[in-house]
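Using the sequences and the hints given, assemble the complete structure.
Now for the letters of each chain:
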Amino acid sequence: MSRVEYIADQMAVKIAAELQLDEDKRAVMAYGLFAFMHMSLCALSVIVVGALFGVPLEAFLISLTASFLRKSSGGAHASKPWICNAEGVIISVVPAILLGIWHYQLTIYLVFITGVIAFIWAYYITLKLAPVDSPGKPIKKQATRERLKKRSLLILNVYVVIALVSLLVYYLTANRLFLKYSFCIVIGVIWQVFTLTKTGHLLLNSADVFLNNLFKKRGRES
Amino acid sequence: MKHLNHKVLMVIAAVSTIFASLVATSACFWAGYQPEEPKCLREE
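Chains as they are written, first to last, in our numbering: chain A, 5 to 226; chain B, 41 to 84.
Subject to a maximum C-alpha distance of 27 Å in a straight line, what follows is the list of computed DSS-like cross-link-like pairs (lysine-lysine):
| hint | chain 1 | residue 1 | chain 2 | residue 2 |
| --- | --- | --- | --- | --- |
| 1 | B | K47 | A | K29 |
| 2 | A | K202 | A | K132 |
| 3 | A | K18 | B | K47 |
Facing chain B, from chain A, some residues (calculated, C-beta under 8 Å):
| hint | residue |
| --- | --- |
| 4 | M33 |
| 5 | G140 |
| 6 | L152 |
Bear in mind the hints are in silico, worked out from the structure with no lab data behind them. Predicted, not measured: the structure shown is a model, and the values here were computed from it. Built from N, CA and C at the ideal position, the CB exists for glycine as well.
Take a look at the structure:
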């Protein structure tokens with residue numbers, strides 16, 4: 005059990021005792037508290053590390069795009085909360101930094117063509133694979149699978165509209181920020197859809213093993 | 041004071057339960073880590 009899970013669990017035990025709640029309600033409360041704390045911590049880490057590199061908004065936008073789609077489409081998971089946090093920070097902040105360095109080379113055509121290719125691929129993979137469940141939360145009912153697939157496609161539709169509106173605003177105002185925001189949405193979608201694929205699972209599992217071993221070794225040396 | 045404390049705990053309990061239900065109707069957590077879902081929230 006991670007430290008955050010432990011804190012959520014202990015809080016739930018104390019609140020359940022005080023309010024005289026049963027075991028099921030305590031378990032649900034612990035789950036909800038952990039969900040809230042873990043997701044807040046992930047968002048905060050992305051914003052803080054992004055701010056250190058001067059790209060908090062871009063990093064958060066990439067993270068938010070991926071997270072919101074992930075809610076319905078599922079995808080590969082980390083074995084520990086801190087690995088998830090580290091991966092989230094790397095995946096959101098590194099592209100945001102690169103975008104910050106190279107954004108003067110971005111053109112409306114480049115963003116549009118990348119977006120079209122990315123979204124065609126995203127629709128294809130989502131239709132084929134979503135929702136991808138995890139051992140901790142298996143999805144057994146066919147009706148639930150269909151509902152989540154439909155919701156994933158709806159979220160992709162919303163992203164297409166937002167990205168296009170952002171491009172249109174750039175076209176009308178020549179404010180390059182909108183070009184960047186549009187590209188951030190495309191990056192978030194590419195990453196999230198990639199985690200649905202077998203290659204995505206392989207890459208995330210390898211990163212998981214690497215980070216686990218790295219910190220185990222450091223722990224032994226210190 | 042104790043009455044207020046009780047109310048605060050009830051709000052935390054309610055908000056955390058709503059959050060758990062939100063996650064239960066999703067494919068997974070909104071992040072890359074998914075703990076085991078409580079039995080009473082699992083679909084059979």
